[in-house]
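K.L.:
Build the full structure now, drawing on both the sequences and the hints.
Protein chains: 4
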Amino acid sequence: MIIVLSPDAGPADIARVVARIEEMGSRAHVSQGSERTIVGLIGPDAPELQDMFETMPHVESVHRVTKPYRLVSREFQPASSVIDVGSGVRVGGEQLAVMAGPCSIEDEAHIIDTARAVKAAGANILRGGAFKPRTSPYAFRGLGEDALRFLATAGHETGMPVVTELMSVRDIDTVCRHADIIQVGARNMQNFILLDEVGKAGKPVLLKRAMSGQIEEWLLAAEYVVAQGNPNVILCERGIRTFETAYRNTFDVNAIPLVKELSHLPVIGDPSHGTGKWGLVKPVAMAAVAAGADGLMIEVHPSPDHALSDGAQSLTYASFAEMMRSVSPIAAAVGRTLPTGASVAAR
Amino acid sequence: MIIVLSPDAGPADIARVVARIEEMGSRAHVSQGSERTIVGLIGPDAPELQDMFETMPHVESVHRVTKPYRLVSREFQPASSVIDVGSGVRVGGEQLAVMAGPCSIEDEAHIIDTARAVKAAGANILRGGAFKPRTSPYAFRGLGEDALRFLATAGHETGMPVVTELMSVRDIDTVCRHADIIQVGARNMQNFILLDEVGKAGKPVLLKRAMSGQIEEWLLAAEYVVAQGNPNVILCERGIRTFETAYRNTFDVNAIPLVKELSHLPVIGDPSHGTGKWGLVKPVAMAAVAAGADGLMIEVHPSPDHALSDGAQSLTYASFAEMMRSVSPIAAAVGRTLPTGASVAAR
Amino acid sequence: MIIVLSPDAGPADIARVVARIEEMGSRAHVSQGSERTIVGLIGPDAPELQDMFETMPHVESVHRVTKPYRLVSREFQPASSVIDVGSGVRVGGEQLAVMAGPCSIEDEAHIIDTARAVKAAGANILRGGAFKPRTSPYAFRGLGEDALRFLATAGHETGMPVVTELMSVRDIDTVCRHADIIQVGARNMQNFILLDEVGKAGKPVLLKRAMSGQIEEWLLAAEYVVAQGNPNVILCERGIRTFETAYRNTFDVNAIPLVKELSHLPVIGDPSHGTGKWGLVKPVAMAAVAAGADGLMIEVHPSPDHALSDGAQSLTYASFAEMMRSVSPIAAAVGRTLPTGASVAAR
Amino acid sequence: MIIVLSPDAGPADIARVVARIEEMGSRAHVSQGSERTIVGLIGPDAPELQDMFETMPHVESVHRVTKPYRLVSREFQPASSVIDVGSGVRVGGEQLAVMAGPCSIEDEAHIIDTARAVKAAGANILRGGAFKPRTSPYAFRGLGEDALRFLATAGHETGMPVVTELMSVRDIDTVCRHADIIQVGARNMQNFILLDEVGKAGKPVLLKRAMSGQIEEWLLAAEYVVAQGNPNVILCERGIRTFETAYRNTFDVNAIPLVKELSHLPVIGDPSHGTGKWGLVKPVAMAAVAAGADGLMIEVHPSPDHALSDGAQSLTYASFAEMMRSVSPIAAAVGRTLPTGASVAAR
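In order, the protein sequences belong to chains F, A, R and D.
In terms of my numbering, the first sequence opens at residue 20 and continues consecutively.
In terms of my numbering, the second sequence opens at residue 20 and continues consecutively.
In terms of my numbering, the third sequence opens at residue 20 and continues consecutively.
In terms of my numbering, the fourth sequence opens at residue 20 and continues consecutively.
Some hints could be false.
Which copy is meant is left open, because identical chains are indistinguishable; a pair holds if it fits in one copy or across any two.
[To be verified] With a cut-off of at most 25 Å between alpha-carbon atoms, the simulated SDA-like pairs for lysine to any residue come out as follows:
1) LYS222 with GLN247
2) LYS219 with GLY107
3) LYS219 with TYR157
4) LYS219 with VAL49
5) LYS86 with ASP27
6) LYS86 with GLY29
7) LYS219 with ASP190
8) LYS219 with SER345
Just so you know, the hints here were simulated from the structure itself, not pulled from any lab data.
P.N.:
In structure tokens form, the structure reads like this:
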């Protein structure tokens, strides 16, 4: 950590900073410039220390020089993680993960039918919501455990692992009983107790980026899970909130290559939430794969204008199949493959 | 709800929209313009319907014309709510609520000493963190139930109700046992299960705005609590996340008068988080009160450069007292009073 | 335009709105709902009318239902524009436009050398800055007209049209004398006098999106140019300003397919500014092309750590050539070609 | 400037950074930490150097430690600037500046009538637009020089200095002939040629913050003007662009005390643009003054629902007078006065 003193700092101010550093068991290194004095802290530079030093008199700015996350970083593990999510599917390797399915599970027939359709078009993981975060208390909030059972059945029938959102520690056992991958949604990216608990539960975790989550905060959220002994975290870029009102969210394509540079964890793209408009899903899915994403998460509904949630961003079976056909040559261009069987569907 | 069709929509497209409206039991009203046809939906216009119609062919845009919240709106209750939080303190009336105390409770002596100092300077509610949301898993996360006991003792000794953050439904009974006001933090504004549960618990709730929470989402979060039968919600503006990096957050002063226009709930300002820099706390506190805030929430620490969290935005006892002296004439200018006793301290 | 009155609006309030509409020569259409009255304005709905109606008593909200731009819209011209920029290069057709070169032109040898290198790697348009917008008045601001002459020479020697930024109407004649494409930079997207003047000048215009420019504002800025009789506008997405601090800007990949849906104008991507970090330029260039961009604009410098500006986001000759090799199969996957000769370089 | 090398940097990488520093005539100071090596650059740290070093191999981050502006800083001039704008009005002293008038000047009678009304209510500077920046090319763009003449007449008749926006260097002589204060609008905050020219013109300048202008960029824009020998710059906070759609802009109240801490220049608040809703103008004006603003800029129109621009945010004469009455005790609370005569109107 580097502490920059203001030009009017005197010897007593410098001594106070040095004393505070030594009080914490670290070493100080003072460098007198022409205008400003700079004190280096040699030792661990936890984020809270930045706060502390910023309150001291005549301290102008404080700069951290190390990254606050460790276990999820490429420095800690140079090789990319490949995560086994069951039924022979691995996320982070050459084969792309394609998670598809409805926003909300509406009944058993609905999810089984959708599972078959997305599988035929090349998906290898089934998604579906049982507990739905809804902005309004009066909106449909999911079928709960019934939906989980339907989802598990549909996954079993089609041979796909299933992913679903866990909204609260209250439901962790229920969700773990039925799901192969536990999704932590954007609104819960910094629900730290939930992160601790999914870390302990041990199942693979799909961690979505918060609407206003900075890359560093997102990686620290992953660090929460991994620090509990669960290394199986898949990151998911799902669009951020900006000033632009032409789409629900702005898909942050920069995040994909940057996260892959900073971390060994796999990262997938969710263009359904990342745009909020079904007409943009296909081109943004193609962009995500071109930028290096390890997979995609796509909302698919047999009849989006009858969906109980997120209809505006859902693809029909036909448009999902068309998206897969368009993604296929992009995947090939970056040396990736679509899930087995998909190449057939993609011709 | 108003559904605007694109210029190339034909009679079949219009008929499809009308049929969908009637299928839901609402009535449709078609208005043929020179360039576009507009269909009005007469009936409840839930947010999810907007999604549905947006997916239909040749629908160009969909506009909601009613507000999605009801119980928290001024239309529902024209008179401002005044919330009794215990020990004779009421929030939302002529007297401002001043919540002050440390970010984290560090030990019993620390919180009792701080309670006495802030009370002497004019605070009427004691704040203190027992469960702390921390960006990094390696940061100090609060003393938990021990801290709650210290806080309750300090509140009891100084005659002030106490407010503390509840981070998870897991701890709701523990927190309710010790606290007078349950704080739902910015990161949990859309933790909908938590909102349901604090709604059922019945204690007054302090609901902070999320870092990227829109006013409408914030009021809907309050609606979650009220819809469970708990009308005692105090809103708290604590700064939003913008492109500006010169402060941790941007205090959104516009939100205060707008929320008071849209809702009957009281709203207070938190300039400590709203700026992240102790040097800006006093002027922004003054601005919040001038704009019509029903109170303030301020971080105070006996020695901010030794605080275990949020030191950079904490006031010392002396600077808090000075802030209160500066707020006092602003309060008078807008026809408000500071808590009893404060006027003495404020001279 | 649709004017929604608040629930407490009486007959006199409705009559006032209707009278105001008729005073402007438009027709009003009143629709009485159960809770609210809605008045439709049948006639042109200029943006300033929205303001007007919003000030009227008991008006709750006003919704525009037509788009404020016309000449640049797909409704006006369904076929995509293909723009001839000279030397046989066309932007918007099957062949991608690849504009490459240094941020600032430093001397004649520098720009000629760079021109040869980018041409060899597959660029077909040469970029280079003569007048540089710089945040600080003390930074290097470009060589001015000398640089324009060097740029024209380099374009001539390599057979490439040249693009350079015009910062002020003051320099319009000078820039038009030397450049084939006039760039209007992000900071000038709403410099309306400049837009008028480049509209009159008639040369092809490269219009960058402002750092906080909404899609609708960007298209209206293009409308300014086209309304002066100059249809040759190329749009350029160059990243927007968000809360994320890990990169200089956030490349908005959603904008590419949306703009192509709303407008017939070509749109290219600038991943150099869109990321601000050279390590992210290649993957984001690939993403832009996958999403449907009609071309790329890339900063290239022989020795980025000696560049007089924007070094951090510049590619070396070698990394630009590598980028082109990586973009090549993506272009093929979306049915596009790289400039003639590039396919050779790209093997 | 501090250059942090990545953990894998070897002696050759460090030597390369040191050599580059010495090549530029500065001195390097190497500090070897346990994990990372840090090199301090002792000498001027221009922003472009940050870019340069960021491109060098194994450089992880670069931190500037000095501020990039100088003449506008409090370090350079500790005493607050007080700017004489003519007719005995001074901005930045004890008396607040109150600039009021219509968005656009519509005819001579209109501006004279408005001038008298705002003067009677306590304004001391008259504002009015002659050249209007409009998002759409089809909107009313101001009456140009005729409007300037009307404005000057109205200022003369009421004894108030006048302020109006200059949109282009093309019109600088015309505007300087009629105006006492030259306004540089938000969209031109980084129109650097315009800044240079108003710097040379010598008249007092009102510099609005850009919609996405960071504080540092804003102060650097002011530095452009001052560096040309014109020290008379008044800063104006007018709201920033955020994710919130409930108001046109978000008034950034934090900016007021921070700018006054960093710079000696006066700063005023514009709650008309800062909210975009007339109902929020009064409380936000009060907040701005409470936070330390040196004045206000307010849009006033005799009949906002007939205004040719910005009607939604304009006050009527009556509501402006009421605003002044409400601001008056806030001004007193912070030790400021309203313009002479206003105190009478304010009772």
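K.L.:
Next, verify each hint and record whether it holds.
P.N.:
Going through the hints against the structure:
1. When the C-alpha separation of LYS222 and GLN247 is checked against a cutoff of 25 Å, the pair qualifies only within one copy, where the shortest distance is 12 Å, while the shortest distance between copies is 33 Å.
2. Taking the shortest Cα distances, LYS219 and GLY107 sit within 25 Å of each other inside one copy (23 Å), while across copies they are farther apart (44 Å).
3. For a Cα distance limit of 25 Å, the shortest separation of LYS219 from TYR157 across copies, 16 Å, qualifies, whereas the shortest one inside one copy, 33 Å, does not.
4. For the identical chains of this complex, LYS219 and VAL49 are neighbours neither inside a copy (43 Å) nor across copies (43 Å), given an alpha-carbon limit of 25 Å.
5. In this homomeric assembly, LYS86 and ASP27 come within 25 Å of each other (Cα to Cα) only across copies, at 14 Å, whereas the closest approach inside a single copy is 30 Å.
6. Proximity of LYS86 and GLY29 under a CA criterion of 25 Å is satisfied inter-copy only: 20 Å between copies versus 31 Å inside one chain copy.
7. In this assembly of identical chains, the alpha carbons of LYS219 and ASP190 lie at most 25 Å apart whether taken from the same copy (14 Å) or from different copies (18 Å).
8. Proximity of LYS219 to SER345 under the C-alpha cut-off of 25 Å is found in neither arrangement, the shortest distances being 39 Å within a copy and 41 Å between copies.
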